[in-house]
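Residue numbers (this note's numbering), protein chains in the order written: chain A, 1 to 413; chain B, 414 to 826; chain C, 827 to 1239.
None of these hints come from the bench; they were simulated from the model.
Keep in mind that the hints are not guaranteed to be accurate.
Said to hold, decoys possible - Computed footprint of chain C on chain B; a stretch qualifies when at least three of its residues, placed anywhere within it, have a C-beta under 8 Å from a C-beta of chain C:
no.: 1; stretch: 522-530
no.: 2; stretch: 580-587
no.: 3; stretch: 669-680
To be verified - Reference excerpt, derived from the structure (chain A facing chain B, CB under 10 Å, subset only):
no.: 4; residue: Val168
no.: 5; residue: Tyr172
no.: 6; residue: Gly176
no.: 7; residue: Ile258
no.: 8; residue: Lys358
Keep in mind it's a predicted model, so treat the numbers as computed, not measured.
We put the CB at the ideal spot given by N, CA and C, even for glycine.
Chain by chain, the residues run as shown.
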Amino acid sequence: MLCFCFVQVLSHAAAAESSSLVFLCIHRQHYDFLESLAPQLKGKVLVDVSNNLKKNLYPEANAEYLQRLVPGAHVVKAFNTLSAWALQNGPSDANRQVFLCGNRAEAKQAVAETATKLGFSVLDRGSLSAARELEDFPLRLFPEWRLPLLIAIGLSAFFFFYLLIRDVVYTYVVQGKDISFRIMVSLANKVFPIVSLIMLALCYLPGIIAAILQLYRGTKYRRFPDWLDRWMLCRKQLGLLALGFASLHVFYTLVIPIRYYVRFKIGAGIISQIKENRTSEFDNSIAWRGDSYFSMGILGFCLFLLLGITSLPSVSNALSWREFSFIQSKLGYLTVFFCTFHAYLYGWDRFLRPSTYKWFTPPGYMLSLIVPSLVLVFKLLLLLPCVDRTLTRIRQGWERCDPEDDSKKTLLT
Amino acid sequence: MLCFCFVQVLSHAAAAESSSLVFLCIHRQHYDFLESLAPQLKGKVLVDVSNNLKKNLYPEANAEYLQRLVPGAHVVKAFNTLSAWALQNGPSDANRQVFLCGNRAEAKQAVAETATKLGFSVLDRGSLSAARELEDFPLRLFPEWRLPLLIAIGLSAFFFFYLLIRDVVYTYVVQGKDISFRIMVSLANKVFPIVSLIMLALCYLPGIIAAILQLYRGTKYRRFPDWLDRWMLCRKQLGLLALGFASLHVFYTLVIPIRYYVRFKIGAGIISQIKENRTSEFDNSIAWRGDSYFSMGILGFCLFLLLGITSLPSVSNALSWREFSFIQSKLGYLTVFFCTFHAYLYGWDRFLRPSTYKWFTPPGYMLSLIVPSLVLVFKLLLLLPCVDRTLTRIRQGWERCDPEDDSKKTLLT
Amino acid sequence: MLCFCFVQVLSHAAAAESSSLVFLCIHRQHYDFLESLAPQLKGKVLVDVSNNLKKNLYPEANAEYLQRLVPGAHVVKAFNTLSAWALQNGPSDANRQVFLCGNRAEAKQAVAETATKLGFSVLDRGSLSAARELEDFPLRLFPEWRLPLLIAIGLSAFFFFYLLIRDVVYTYVVQGKDISFRIMVSLANKVFPIVSLIMLALCYLPGIIAAILQLYRGTKYRRFPDWLDRWMLCRKQLGLLALGFASLHVFYTLVIPIRYYVRFKIGAGIISQIKENRTSEFDNSIAWRGDSYFSMGILGFCLFLLLGITSLPSVSNALSWREFSFIQSKLGYLTVFFCTFHAYLYGWDRFLRPSTYKWFTPPGYMLSLIVPSLVLVFKLLLLLPCVDRTLTRIRQGWERCDPEDDSKKTLLT
């Protein structure tokens, strides 16, 4: 039941040195056996690689519990974030990083050297109090993506059923025509851009709420409410999901002219034009509007792609804070502007026609325009010289002279 | 012939400290000169930056040979993976990382500090026994891509000639029509998706073979055969190549409606329809099928892109093992499913028509469906509750009670 | 005015140790207050997190000035590259890296441990002389992108007005027709590929100039002129901008068949064909040419995308120098070839028709072909066996026997 596994894969020179390293690969419930071995383990480096099956199963981290059991040994938590596959076959692409933590620098150094020799790259996470975090890491499954995913799924489901009723059911009920085939491409290509635009705007809304809150409070030294903090922390995920939906929209749009339905309709249009001997005039303003609509969409999407690329860890690490915020804020608002303008051009004068409001409901694109329009209007207000000046001063530490507690100032100047 | 180059680019403070660092930039065949200098070099840090023109030219690494010649010096292998350009002009984007190895920690520290001051980031690769690996690094040219590339080229060549005969040669021989222009787009757009789908399935086949092998053996403590190990290690490259082919397929497909041939054919179709006064009915089921076909393709490709993005080193490093395997396995099988379904929808009822089997050969898309269908069927079988339960238990370390050697168990629990 | 902020966010164990760390968060102009505190600060680690509002405001870096004021303390420059947001809320995606520098290793170690405990990853940039660089970092705003951006904007503006006059103004003046709507898509889709191709070629031109210079000089041990060095250092940015323009070109092209103008024109063409009872013959050579044109474009763009992906920091870090130069050089020239060929196929026999030269000006695509054609011709010349052999020898260190100063040789062999 108890097994000390000395890793065999070390090179010869390394193996000679590592005799004082003990790798512990047993489950936590068997740790109490070790208490009796305490004298033999004294001064040794105990490498705890254990993981739990669930979060918060025990009050303290396995490594801290081990350290308490064998106080004479130097416990180092390491290698637990690796897969068994990586431990057997050496570092692969997904598993090059070994996190470790421990109270004694020499012990950590010894483990780090072993890991380095095996080809891993080591990241020191500090003292043993970080063990809990390291033990929770392998159980993590996109925690920060959950809220954005829920929002995306919720919005998609709502707009899918909304548009299903407005487009397919309405046509079936009123005109008695079955256009259910439109679900696969046409309907999807309405849902995706709507959700994408709303989620893109949701990335920039919290920043605007924060600015208004700071203006109202006259200081930056008060914490934002929790919901705002949480919202701000998932902006990146919101944005990336929005980019995913935008990409789907792009592909669904580009595939349009190959579709059977579209080809059939165009052919039928030309045939009926000939049979009825009609001549249609080329309308310059439609051409202008349509081409601007495509241009805005393409520019918006390309800027959006750029935002996505700069949020790759290796790219954003190479940027200074000023560069990162320039791209994510300045270019980000430009992206919102282009995409919103794209949607307005799509709508054009459609909002004037009564036929647009089937069953007295507004079309989907109108609903999608509410949040981004609000974001843009408020951003414009915040850019007014007088507002902008006050906000900049507040962000540089200035406070409107309220008889406030001064203790907050000393925290962060 | 012999030259000690003291790097001149150091800042003043650094230069004063580094006087005990000797950078050795001579070819290995001139190292014997150094033996006579051994007394002067005693205690100094010798930085070996040499590289060889070929692999395995000498029995031992240059740095190890040097250490043997001058045992009193502390040899550190470093900087050899950098280009001359980076050494002259300072770190550029491609060359920020300096690998080093050596037996003495202080010597490595001194070299690491110099490298840091020059703006490089240092990666310690352990003792001098790693020197061989460092010396082989600059000679490396995509070793892990070779097998996948060979497979890709082989499959592409086979399907190109197969389809050339079936499409172009057959038409020429039987109908006497020269449609050789179809090679450039139409034929390419058949070869690329076929090869892509087969290679995508080849990524997931070894995992299924491994699972079957584990079920058959009743244990996970026996090594897989060598060919399977090698296959599993190049899955990432197989997948990325498949993604490349899929991207080509996407571009070749989207370009279809701009092609002269397609425009001509559509125009001719409409004209003949008018002249013969035919009226074609809109077929709902064709619309459903066509749109589903496009939808599946787009969803499959977007998921495939996601797999590709998460295989970027900086992204996969930020993921926990559970997250990485969720994406690469769960979403991976979903991708295979979407893409296979896409191909089935393309085929539809074509397999029933005798005209499909020109010269008694099956069309290309049928051949491409064999491997992915096998993968999906076996995956479904492995997901059956009874099979899945056994497999999970085997992977958690359980063994079917065979009178086996127990020594394997102790290696990795 | 004076405030010592002890960071409160540390874990308990860490807080106990860090009592000797003093974080200094005041503006440089208030540093003189510290001179009187010198005795109390003796032996303490002073962490300077200050930033300036402009570059080169003071003759020496803030941290160096501080060290001079309080010589007994150990000044470490750190945390200044982080945003206030990251300091308050812990490391986020854009802000995981803490750069530090200082003269005393122990002091740096102490600060590094604190940063590690807070979840940041630390990068040591050497002695305090690096402080200036660290203080300039937050003020950086894409310095290396400026020249390439200027070139891109200049070229775009020039070609926009050039084509505006040739296409829109010419048609208006000569035929009296208003086709201004073409600005949004058709004109943009001419400007983008032209600028992209020229900038792609500009990436490879300096390498060719450098080779010719080395051949002419007969040695590699002489520095290139400054303008060439600067040009070579911004090749990556030039290439990425060219890729951005190429992507825009791709989207603008793929959107063509959905445009109102194109649909109208095709419809009108078919209708007039029927009314005039013309029959158009399918032209095999036009099909060949058009399909090759698309094929070359797609292959060129996909290779270009590959070049872009390998220039991501995390990908290029994983490549050996040989692999990186294989992709950026070999595949790079292949990309230039595909794209140039694509442009030649676009032109085809257009250069023979007098109607092409409106107002005696050559069309835009001709101008775009000058630089890439030069690059390809010179590259072919450099690949001639006799030239290539000499160049390889020069790059391996051989020199044509000129009576030159030998001192250069010793610098870098």
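Right, here's what the structure says about each hint:
1. 522-530: Answer holds; 3 residues pass the 8 Å Cβ test.
2. 580-587: violated (count 0)
3. 669-680: That given contact holds, which follows from 8 residues of the stretch 669-680 of chain B lying within Cβ reach (below 8 Å) of chain C.
4. Val168: With a closest approach of 12 Å, the A/Val168 hint is violated.
5. Tyr172: violated, 12 Å
6. Gly176: violated, 14 Å
7. Ile258: holds, 6 Å
8. Lys358: Nearest chain B Cβ about 22 Å off; hint violated.
In the structure shown, a violation is registered for the earlier hints numbered 2, 4, 5, 6, 8, in ascending order.
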